[in-house]
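Enquirer: So the sequence shown is numbered by my numbering: it starts at 428 and just counts up by one.
Since the hints were made in silico from the structure, they are not lab data.
Bear in mind that the values here come from a model prediction, so they are computed numbers and not experimental data.
It is possible that some hints are incorrect.
[Unchecked claim] List of simulated lysine-lysine pairs, DSSO-like, C-alpha gap at most 30 angstroms: (1) K491 with K597; (2) K612 with K597; (3) K547 with K609; (4) K597 with K609; (5) K612 with K547; (6) K521 with K547; (7) K440 with K487; (8) K547 with K642; (9) K487 with K547; (10) K642 with K521; (11) K443 with K491; (12) K597 with K443; (13) K491 with K559; (14) K491 with K478; (15) K570 with K487; (16) K626 with K609; (17) K570 with K547; (18) K559 with K443; (19) K642 with K440.
[Said to hold, decoys possible] FRET-style restraints, in silico, Cβ to Cβ: (20) G453 with H588: 38 to 48 angstroms; (21) A482 with K570: 24 to 34 angstroms; (22) K440 with M529: 20 to 30 angstroms.
Where a beta carbon is used, it is the ideal one built from N, C-alpha and C, also for glycine.
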Amino acid sequence: MAMHNLSDQLVHKLGKQIISEVIPSGAVLPKVEVMSEQYGVSRTVVREALKGLVARRLVKSVPKMGTIICEREEWQWWDPEVLSWACEGEHNNKYFQQLTEMRLAIEPTTAELAAEHATKDDIKDIATCFEKLELSAISNNEKEWASADYDFHQSIMVASHNELLINLGKLLRDALLQSRHKTMKIYNNENEREIPISKEQALLFHKNVYMAICKGDRIEARETMYNLILHVNKILKTYNTEN
428 MAMHNLSDQL
438 VHKLGKQIIS
448 EVIPSGAVLP
458 KVEVMSEQYG
468 VSRTVVREAL
478 KGLVARRLVK
488 SVPKMGTIIC
498 EREEWQWWDP
508 EVLSWACEGE
518 HNNKYFQQLT
528 EMRLAIEPTT
538 AELAAEHATK
548 DDIKDIATCF
558 EKLELSAISN
568 NEKEWASADY
578 DFHQSIMVAS
588 HNELLINLGK
598 LLRDALLQSR
608 HKTMKIYNNE
618 NEREIPISKE
628 QALLFHKNVY
638 MAICKGDRIE
648 ARETMYNLIL
658 HVNKILKTYN
668 TEN
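Based on the sequences and whatever the hints tell you, model everything.
Expert: This is the structure:
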């Protein structure tokens, strides 16, 4: 197998272990020759893998100490691979909680901007996405709901006409889809636990956001989006407390 592929595989393996804290922050990695034997690859492959981890700020070289794992706040969280590893981790509840908290800080303003700047075509796109969301809610299909819900919120990002917000939504796509899968699983098992909002209520919240943007009501768009994501956040908190 090509050295490039082997180094990518080692980056992936080590990256997941670091993100999931199997290898904790502050830990010192073994020397290159030791890792070479440990993982059955050449020293060159190990060095290339370490470069990949350094680029993502997961590790750093410290004189007289070696290669150490960086603190979590130093990690390059916006890197697509880091986002993917965080989603794939066994203990990803905290990560999805933080992702939703970030949405709570950003998406109400996005909805407000959409209410101000949305064109007729933007409104049509949002309407189409909402219709797909309604159908996915009826089908109880987790994959369809996750995709439709992402598309609905991304259509609002697009309607904001803010290039940074649009790009952020695209960058976080995979993480946001996986977060929605988790939320949908909670909805589908709502008979087993008490949750702050039903799937039907969540759909109504989405409709209220859509209608506020259609009316061009910035304040209502902001408030309804805030309430929507606030309830999603409460659902995840309830789930995390129980698990």
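Enquirer: Could you run down the list of hints and mark each one as holding or not?
Expert: Verification of the supplied hints:
| no. | hint | in the structure |
| --- | --- | --- |
| 1 | K491 with K597 | 41 angstroms, violated |
| 2 | K612 with K597 | 23 angstroms, holds |
| 3 | K547 with K609 | 33 angstroms, violated |
| 4 | K597 with K609 | 19 angstroms, holds |
| 5 | K612 with K547 | 35 angstroms, violated |
| 6 | K521 with K547 | 39 angstroms, violated |
| 7 | K440 with K487 | 17 angstroms, holds |
| 8 | K547 with K642 | 12 angstroms, holds |
| 9 | K487 with K547 | 50 angstroms, violated |
| 10 | K642 with K521 | 36 angstroms, violated |
| 11 | K443 with K491 | 26 angstroms, holds |
| 12 | K597 with K443 | 22 angstroms, holds |
| 13 | K491 with K559 | 58 angstroms, violated |
| 14 | K491 with K478 | 19 angstroms, holds |
| 15 | K570 with K487 | 38 angstroms, violated |
| 16 | K626 with K609 | 13 angstroms, holds |
| 17 | K570 with K547 | 29 angstroms, holds |
| 18 | K559 with K443 | 34 angstroms, violated |
| 19 | K642 with K440 | 49 angstroms, violated |
| 20 | G453 with H588: 38 to 48 angstroms | 44 angstroms, holds |
| 21 | A482 with K570: 24 to 34 angstroms | 32 angstroms, holds |
| 22 | K440 with M529: 20 to 30 angstroms | 27 angstroms, holds |
In this structure, the hints that do not hold are numbers 1, 3, 5, 6, 9, 10, 13, 15, 18 and 19, in rising order.
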